[in-house]
Amino acid sequence: NAGVTQTPKFQVLKTGQSMTLQCAQDMNHNSMYWYRQDPGMGLRLIYYSASEGTTDKGEVPNGYNVSRLNKREFSLRLESAAPSQTSVYFCASTGSGYTIYFGEGSWLTVV
Amino acid sequence: DQQVKQNSPSLSVQEGRISILNCDYTNSMFDYFLWYKKYPAEGPTFLISISSIKDKNEDGRFTVFLNKSAKHLSLHIVPSQPGDSAVYFCAAHHSGGSNYKLTFGKGTLLTVNP
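These protein sequences, in sequence, are chains A and B.
Quick note, our numbering runs 2 ahead of the 1-based positions in the first sequence.
Quick note, our numbering runs 1087 ahead of the 1-based positions in the second sequence.
Don't take every hint at face value.
With a cut-off of at most 30 angstroms between alpha-carbon atoms, the simulated BS3-like pairs for lysine-lysine come out as follows [said to hold, decoys possible]: (1) Lys1092(B) x Lys59(A); (2) Lys1092(B) x Lys1141(B); (3) Lys11(A) x Lys73(A); (4) Lys1188(B) x Lys1158(B); (5) Lys1092(B) x Lys1188(B); (6) Lys1158(B) x Lys1141(B); (7) Lys73(A) x Lys1188(B); (8) Lys1158(B) x Lys59(A); (9) Lys1188(B) x Lys11(A); (10) Lys1155(B) x Lys1143(B); (11) Lys1141(B) x Lys1155(B); (12) Lys1092(B) x Lys1155(B); (13) Lys1143(B) x Lys1188(B); (14) Lys73(A) x Lys59(A); (15) Lys59(A) x Lys1188(B).
Because the hints were derived from the structure by calculation, they are not lab data.
With the hints as constraints, model all of the structure from the sequences given.
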């Protein structure tokens, strides 16, 4: 039972490069999320998708774009990476309840 | 403005003793609260939750208490075990919020010493 799977696990980018973080869930959940975690800042919502075909900004959306490809997949794109985007990124999903289920994280370093 | 606050960045307890992690919130519209545990290099995992209509919820060694008048909740772990060493996040759901968006605190690092 995979749950929420995200790739890559680790990535180093140069400033200005672009990349996409991929996420898929196999729990038939409607809502999906991208969070970032930084030291002393907790978990902050970047973007979310209430359902297939919809996306909305969260708390810290600047510098990111998302795509809800289908019900299973929700990707996060950095068009021009900046050092401030060095962080740990978590994809997550929810079904009919309040509980959010997280992936294992993607460690991104922008140099 | 931080609506969910975990004022203790870290907590250290002895194995077998009680761990008490605290969380305060400012928004009276929060109607559901959750605790997540996070080990290094892993994603957060759901631990226990409580609805605002209750004041206590228990699951094995873990109990969450909610004091609505004080806008305060706490997570009790009894007895504490070394495997409980992790970062614990408090999270709250807004009753008017859509799609179950949660507001997270900054986390408390719990260290249980053998």
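**Asked** Would the pair Lys1092(B) and Lys59(A) pass a check requiring their Cα atoms to be no farther apart than 30 angstroms?
**Response** It holds: about 23 angstroms lies between the C-alpha atoms, which stays within 30 angstroms.
**Request:** Measure nothing beyond the straight line between the CA atoms of Lys1143(B) and Lys1188(B); if it is 30 angstroms or shorter, mark the hint as holding.
**Result:** holds, 23 angstroms
**Asked** If you draw a straight line from the CA of Lys1092(B) to the CA of Lys1155(B), is it 30 angstroms or shorter?
**Response** The given pair, whose Cα atoms are some 15 angstroms apart, holds under the 30 angstroms limit.
**Prompt:** Under the criterion that the straight-line Cα-Cα distance not exceed 30 angstroms, is the pair Lys59(A), Lys1188(B) satisfied?
**Reply:** Between Lys59(A) and Lys1188(B) the Cα gap is close to 12 angstroms, so the pair holds against 30 angstroms.
**Request:** Measure nothing beyond the straight line between the CA atoms of Lys73(A) and Lys59(A); if it is 30 angstroms or shorter, mark the hint as holding.
**Result:** holds, 18 angstroms
**Asked** Within a Cα-Cα threshold of 30 angstroms, do Lys1141(B) and Lys1155(B) meet the stated pairing?
**Response** holds, 9 angstroms
**Request:** For the pair we were handed, Lys1158(B) and Lys1141(B), check the Cα-Cα distance against 30 angstroms.
**Result:** holds, 13 angstroms
**Prompt:** When you check the alpha-carbon spacing of Lys1188(B) and Lys11(A), does it fall within 30 angstroms?
**Reply:** Between Lys1188(B) and Lys11(A) the Cα gap is close to 24 angstroms, so the pair holds against 30 angstroms.
**Prompt:** Between Lys1092(B) and Lys1188(B), does the CA-CA distance stay at or below 30 angstroms?
**Reply:** holds, 17 angstroms
**Message:** Can you confirm whether the C-alpha distance between Lys73(A) and Lys1188(B) stays at or below 30 angstroms?
**Reply:** holds, 18 angstroms
**Request:** Quickly compare the C-alpha distance for Lys1188(B) and Lys1158(B) to 30 angstroms and report which way the hint goes.
**Result:** holds, 19 angstroms
**Asked** Is Lys1092(B) within 30 angstroms of Lys1141(B), Cα to Cα?
**Response** Roughly 20 angstroms between the alpha carbons, so the hint for Lys1092(B) and Lys1141(B) holds.
Against the hints set out earlier in the document, no violation occurs for any number.
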